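Number of protein chains: 2
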Amino acid sequence: MKITIIGSGNIATHLAIALKKRGITIFEIYSRNYSNALALAQSVGSYAIRYIEKLSPDADIYLIAVSDKAISEVVEQMPLVSGVVAHTAGCVPISILEKFSSNGAFYPLQTFTKGIELDFAKIWIFIEGNNKNSTDKLKFLSSKLSNYVETICSEKRAILHLSATISCNFVNHLYFVSQQIVEKAGLSFEYLKPVIEETAQKACKISPSLAQTGPAKRKDKDILKLHMKILEYDDNFSEIYKKLSDSIGSR
Amino acid sequence: MKITIIGSGNIATHLAIALKKRGITIFEIYSRNYSNALALAQSVGSYAIRYIEKLSPDADIYLIAVSDKAISEVVEQMPLVSGVVAHTAGCVPISILEKFSSNGAFYPLQTFTKGIELDFAKIWIFIEGNNKNSTDKLKFLSSKLSNYVETICSEKRAILHLSATISCNFVNHLYFVSQQIVEKAGLSFEYLKPVIEETAQKACKISPSLAQTGPAKRKDKDILKLHMKILEYDDNFSEIYKKLSDSIGSR
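Sequence lines, in order, name chains A and B. Position one of the first sequence corresponds to residue 310 (our numbering), numbered consecutively onward. Position one of the second sequence corresponds to residue 310 (our numbering), numbered consecutively onward.
Treat the hints loosely; a few may be bogus.
Since the list gives no way to pick one copy over another, a pair counts as held whenever it fits inside one copy or between any two copies.
Heads up, simulated DSS-like pairs for lysine-lysine below, C-alpha to C-alpha not over 30 Å straight-line [as the list claims (entries may be wrong)]:
#, residue 1, residue 2
1, K493, K329
2, K528, K378
3, K552, K465
4, K534, K378
5, K502, K526
6, K431, K502
7, K551, K378
8, K329, K363
9, K502, K453
10, K526, K552
11, K551, K448
12, K526, K378
13, K330, K551
14, K465, K448
15, K363, K551
16, K552, K528
Simulated from the structure, these hints should not be mistaken for laboratory data. Quick caveat, the model's predicted, so the values are computed rather than measured.
Work out the full structure: start from the sequences and follow the hints.
And the structure:
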């Protein structure tokens, strides 16, 4: 199975490395930024392509792993190929790829940062194909990478992407906010690491609704008032605090 | 060293079990709810006390592990003792214990849920004493339980408690929100578990500011609009989404 990757960002890089590890040949790599394509190609023993029009039509699967906004431009510039063309986006319907007779989505639900190693075998991959051939090929590829593969429609994929945005990006922002607060007081973010890890593990073990603790759940108004007083210096943090406390209290 | 515990809730239970495991005698246990005190006392080989006035004055340390609101009532009812009296609250200054000549705080920064085992050796414990004797005794006790002990004033302890509320309770609420969203669409919360765990681990490994990914960071307005559209059915979730996206985008 020959896989061509379009893109050289976080997801493209993680995918290329994971595919290579599973012994899957990465046929070609194209990126708007040629030197990035070259670097990635070298690291996984593949070929970097300078002009997108020159992509070989012989790959079995083309994975478009670029930012959502860049997908339509890639589609426009790509030559017509008979292999399956799939994007890796959470929120983009596969209809954007209708130019290709076989198309689909290959969405690994995870947060990817360059240099942070991940075990792909534990990542959920959600696939969608416009026909049986696309679905089967994407399913086959996914199963080489992960033990967790599901077929899902574009609409539900967007809902998963939204939920992941909340439990990943928004959660990380709360970590950031708490880091700002402790560091402003000359305290270390280290102090919060055990509770951050335990909170994630506990929610996964017993479900978030059973895991909830703290002053907002107990409706302890004295503590809420005290916390708001500490946060007086930052309108943004105060508002986030109030909104989330109210939301917990209203359950 | 004789330790008396006042309370039989989450923290009291976890503390009693952890102390027993380290071979520290739990002298007596008092709880407003006698049968709870009895159950906890039986599980750690201690004695349950029915009336708070009857607490023995011979303990070295009295740990008041009750809800913040209940502390002042406990203080009022407790006999005058010469041992160190410390509470386990994040947000309550030690001045509330001034009735006792030796007093302080013993604050383990963690989320405690009954039945969820924790390794106390990895929990930060923040202590404060009103004099050297109190501080030394609390430091000694903490060091028996954990490798992570710091002395900290009431004001900074409250700041830590606020930050923990944000990176634990608020984070858990976001897990809850995302669970509601996926389950409404007939999808499983299981799908989100790997990203939840990775997000927590990555933030601890490389810091939240470097770990951030996602549409709000990329200021991808199309995705934000689409997500808001999916959330139209819930004003509360929409508002949380908007507030946190704006906050990420404003960085």
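Hint check:
{"no.": "1", "hint": "K493 x K329", "in the structure": "neither (44 Å within a copy, 37 Å between copies)"}
{"no.": "2", "hint": "K528 x K378", "in the structure": "between (43 Å within a copy, 11 Å between copies)"}
{"no.": "3", "hint": "K552 x K465", "in the structure": "both (27 Å within a copy, 24 Å between copies)"}
{"no.": "4", "hint": "K534 x K378", "in the structure": "between (43 Å within a copy, 13 Å between copies)"}
{"no.": "5", "hint": "K502 x K526", "in the structure": "both (22 Å within a copy, 23 Å between copies)"}
{"no.": "6", "hint": "K431 x K502", "in the structure": "both (23 Å within a copy, 10 Å between copies)"}
{"no.": "7", "hint": "K551 x K378", "in the structure": "between (34 Å within a copy, 20 Å between copies)"}
{"no.": "8", "hint": "K329 x K363", "in the structure": "within (23 Å within a copy, 70 Å between copies)"}
{"no.": "9", "hint": "K502 x K453", "in the structure": "between (34 Å within a copy, 21 Å between copies)"}
{"no.": "10", "hint": "K526 x K552", "in the structure": "both (13 Å within a copy, 21 Å between copies)"}
{"no.": "11", "hint": "K551 x K448", "in the structure": "neither (44 Å within a copy, 35 Å between copies)"}
{"no.": "12", "hint": "K526 x K378", "in the structure": "between (40 Å within a copy, 14 Å between copies)"}
{"no.": "13", "hint": "K330 x K551", "in the structure": "neither (47 Å within a copy, 40 Å between copies)"}
{"no.": "14", "hint": "K465 x K448", "in the structure": "within (17 Å within a copy, 53 Å between copies)"}
{"no.": "15", "hint": "K363 x K551", "in the structure": "neither (54 Å within a copy, 42 Å between copies)"}
{"no.": "16", "hint": "K552 x K528", "in the structure": "both (14 Å within a copy, 22 Å between copies)"}
When held up to the earlier numbered hints, the structure conflicts with 1, 11, 13 and 15 and fits the remainder.
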